[in-house]
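Enquirer: What follows is the residue order along each chain.
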Amino acid sequence: MRPARPLLESPHFLSLLLLGAVAWSLTGVAWGEPLLHTGGGDSALDMLLALFPPDLSPAFLLVCLQAAWHTLSIALASITLAVLIGFPLGVMASGALVSPDSRLRAPLMLSSRFVLGTVRSIHELVWAVLLVAAIGLSPLAAIVALGLPYAGILGRIYAEFLEDTPEEPLTALRSAGASSWQTLIFGRLPLCTPDLVSYTFYRFECSIRSAAILSFVGIRGIGYEIQLSLGDLLFSQVWTLLLALLAIVALVDFWSGRVRQSLLES
Amino acid sequence: MIETQEPARYRQRRRRKLTFARLSFYAFLALIAVAWAYIFVEGDSGFTLLLEGRTWENAGKFLTRLAGAGQDERPAFLQPEQWWATGRLAYNTLAMSVLAIGIAGLGAFLTFIFAARNISSGSLGGTPSRLGAVVYYFLRILYAFTRAVPELVWAMLIVFFLSPGILPGALALGVHNLGIMGRLAAEVVEDMDPAPARAMRASGAGIFQIFLYAILPQTLPHFITYLLYRWEVVIRTTVVVGFVSAGGLGLEMRLNLSFFHYDQVTLLILWYLLLVTGVDFLSAWMRKMARFE
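Just so you know, the sequences run in chain order A and B.
Counting from 1, one number per residue, gives the positions in the first sequence under the numbering used here.
Counting from 1, one number per residue, gives the positions in the second sequence under the numbering used here.
The shape of chain B in the complex, shown without the other chains (with noise of 0.2 Å):
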């Protein structure tokens, strides 16, 4: 008897708690549905240029261009003096990817400890005060804003009071990663092993003497680890704050796509695609380095 009722039973509960996982999977698809819907109905969606010859003929024109095919010198990627000449900005990019991760680690570094929880409410050491309560929140808040504006919003608006170079890109792809990194940070110390801290609070270490020795020691490999993560991210946008005038390879490539100079973007792609390729290697390397034992 018990033994035929236990498998409805387990049946009957399982339904129930699918319900809003399922519930919102239908939702989704619903949402699916209606916004191609509306890509269809809202004026000229672009499905129907795929059926036109032209487009495609477009389509290979334009590829044959990037290839340097059809003009009379030589493509610029097959150049060694283009290389030289574009080198300089592929060195630029590098420079302002690194001071982009530089801005937004240090930023992180000195503002994380007061985002965790477990130190605010005073847990791994230090008394909890309302001011800590009030940073906590501050922190958190700020961490949320960065992170959510895109770097493209953030170097749209730093554009307009920066003297254009690397420093406005670098700024604006920092500022957003300072966000990311603070909250992953913050995140770590509230998962890390309280033990150590808790043993030299009983010690009579200070919240300082805490930090210096407990804290940083188990969650410095994290966040370096982190660090270099985002790196491979800010190293491929920042071709992307380039095209705002942000400077860099994209402010470039931009150009060049509006002078229809294909042959030019062709060379700048390759640059990127190699420092992208460089740098996850590098990054790989150094978070061997920062290794845990």
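The following block holds chain A by itself, in its conformation from the complex (with noise of 0.2 Å):
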């Protein structure tokens, strides 16, 4: 028989409280006044319509294709700022480079948690929206943006993986002499790098889509299209948007899988 559980741990308590919270959260819905704009249905049908055909001209394609490829290049450099923050704060918050018992040890890894922790909480279109004021528009915000809220996420998977790797090869790695560092470039790294690498691939999938969305601050790019496209209410081009960007993804979905199969066989 299993143990009984406390009330406020049991499940039915806590099927009851998400359906009260799903209850409580319509309330929030002014369900008095319509729920549609005057006309929006005719504007919902319109959108949908308007994917029977999507704008496919040569022009507007080519417009498509530059989008696309800015969008990518865009996540391509905040995913390598991103690494380049994220591995050596992950590295120092794993505490794979102090030894165990060495008092520098819980500062140096509870800083970098902290600051990994602290750009991560931050959504990157509200680092985006902040750095615009503060910088200007550019890619560089745009980059900034999106590489640190990017690096908080990978340099603490990173710390994970580093933390995760099995002991007994250090172990003997240390007993044969080897320094922290040592230790970490021999043992820890090559262990944890097919880990390291999808992981990483898969949050460059990521970066693709919130740098497309990342456009609506005023970068061009994908994101930047879409909102021109819904301003004019061109929906058959919005439509070629998203299926671009739909296809992007797609394929860097396809490659990275590709890659963690290779990397799993060998």
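Keep in mind the hints are simulated off the structure, nothing from the lab.
None of these values were measured; they are calculated from a predicted model.
Check before you lean on any hint, since a few could be wrong.
Below, a sample of chain A positions facing chain B; criterion: calculated Cβ distance under 7 Å [as the list claims (entries may be wrong)]:
#, residue
1, 22
2, 37
3, 125
4, 134
5, 153
6, 242
7, 257
8, 263
Where is the CB? At the ideal position from N, CA and C, for every residue including glycine.
Grab the two chains, each in its own frame, and use the hints to assemble them into the complex.
Expert: Structure, rendered in structure tokens:
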């Protein structure tokens, strides 16, 4: 028989809590007023019908291609920045560099974890809005805005991977006289390379989507073009742009799947 | 003789197998180089701004104004009534995130079972039918599409026909997360232990009974755990859909930025961080309740 749980920890209480929370959230909607704009239904229908067919004129496809490359280049640049910031911080946060009984260990780990946590908890678009206000509208602002939260995520996960490496090979290295640095470079890193690479690739995928919406603050890219087309009520162009975004993400997804597979096989 | 051959053969095999990953790595590095080159060559990258004193001066000014220095009245984040006034927005934002999770959870809960391959192929119970296969592919494509369109784009589309408030934002977040939740839940069903379902089928249970007594008990804890994890992401994103007039803290943040009310922006960011931390805490607590025994 299962040990009885206190009421506050029982699954039934959780179900009730979740349903209650959703019911509460419904009270936030202004049900008294019409939910649709006047003519909102028609524009929703227009939007849907514009998919058949999307705008496939060569001139617009060129615009799409350019916007896609813009978005991709921002994503690539920001993932480089994220790795450059996240990797050293992640190594520090994992505590792999200091010996377990060092007095420096706790402050170093905690401070790097705090930095990673802070940059991570602010959404990239909030970073973008703040950075644009601080240093002006430029690709630089976009790259930093994406790079900071992604560095936070990558750093945290890198630290977890580095901590989770099996102990035996490391002990062998240490007993052969390897320093913390040597244990890191010849022990921990090679052991978790496949994980590190495939996770970075996965985050690169995410960064493409993020870069696309980042152009909302005015940086050129797919999101910017979507905004322009929406403003002109050219819904068939919006669909083309959305399909282009889907295509890039699917392509990168396929690529990273192959890389992961090949890393696992070796 | 054999001993000297073994390592050589091993090395050769290893090299051949690594080719694709290594090739991809170099291709990726090349892509990064091209991207950086493109950013620097094409128009104003903004990096030259870093060398100008003016940029740092402006950034410093921006930061001091965020901190509320250099204005006549007390900064907004030190006035209790301002906290109270913006608290209503935080309350709405929280409601928006919960409603979004409700939409995503309900939508995924009603459909995920038909999107699992082992259900549509009939290997867990029920009979395979053409309709089942059609529904399976339809749902998988629907999930992929709703997931691939970013929530901000959903919000931009939805504010076109829904009145402002928390509903458009919640719907945008809900639709995006429906795709994520549906896929995760369907994969849980595909990975689950088939023995209980098969035992029930062998003793004559119908598909509905199998769902209720074999599939649901195994998948529901996973489902709720994923849902709570997504809630943590959603609360961070509520601010973002607010930027496109979908209500909540984000809308107010953008308005205040355009009016240069930077001390208000700080107040809203503080609320945002409070919400994010609070939801992380709540979600961790509830995930513990949903844990398996």
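Enquirer: Against this structure, judge whether each hint is valid.
Expert: For each hint, the structure was consulted:
no.	hint	result
1	22	holds (4 Å)
2	37	holds (6 Å)
3	125	holds (5 Å)
4	134	holds (4 Å)
5	153	violated (11 Å)
6	242	holds (6 Å)
7	257	violated (11 Å)
8	263	holds (5 Å)
Checked against the numbered hints above, the structure breaks hints 5 and 7 and satisfies the rest.
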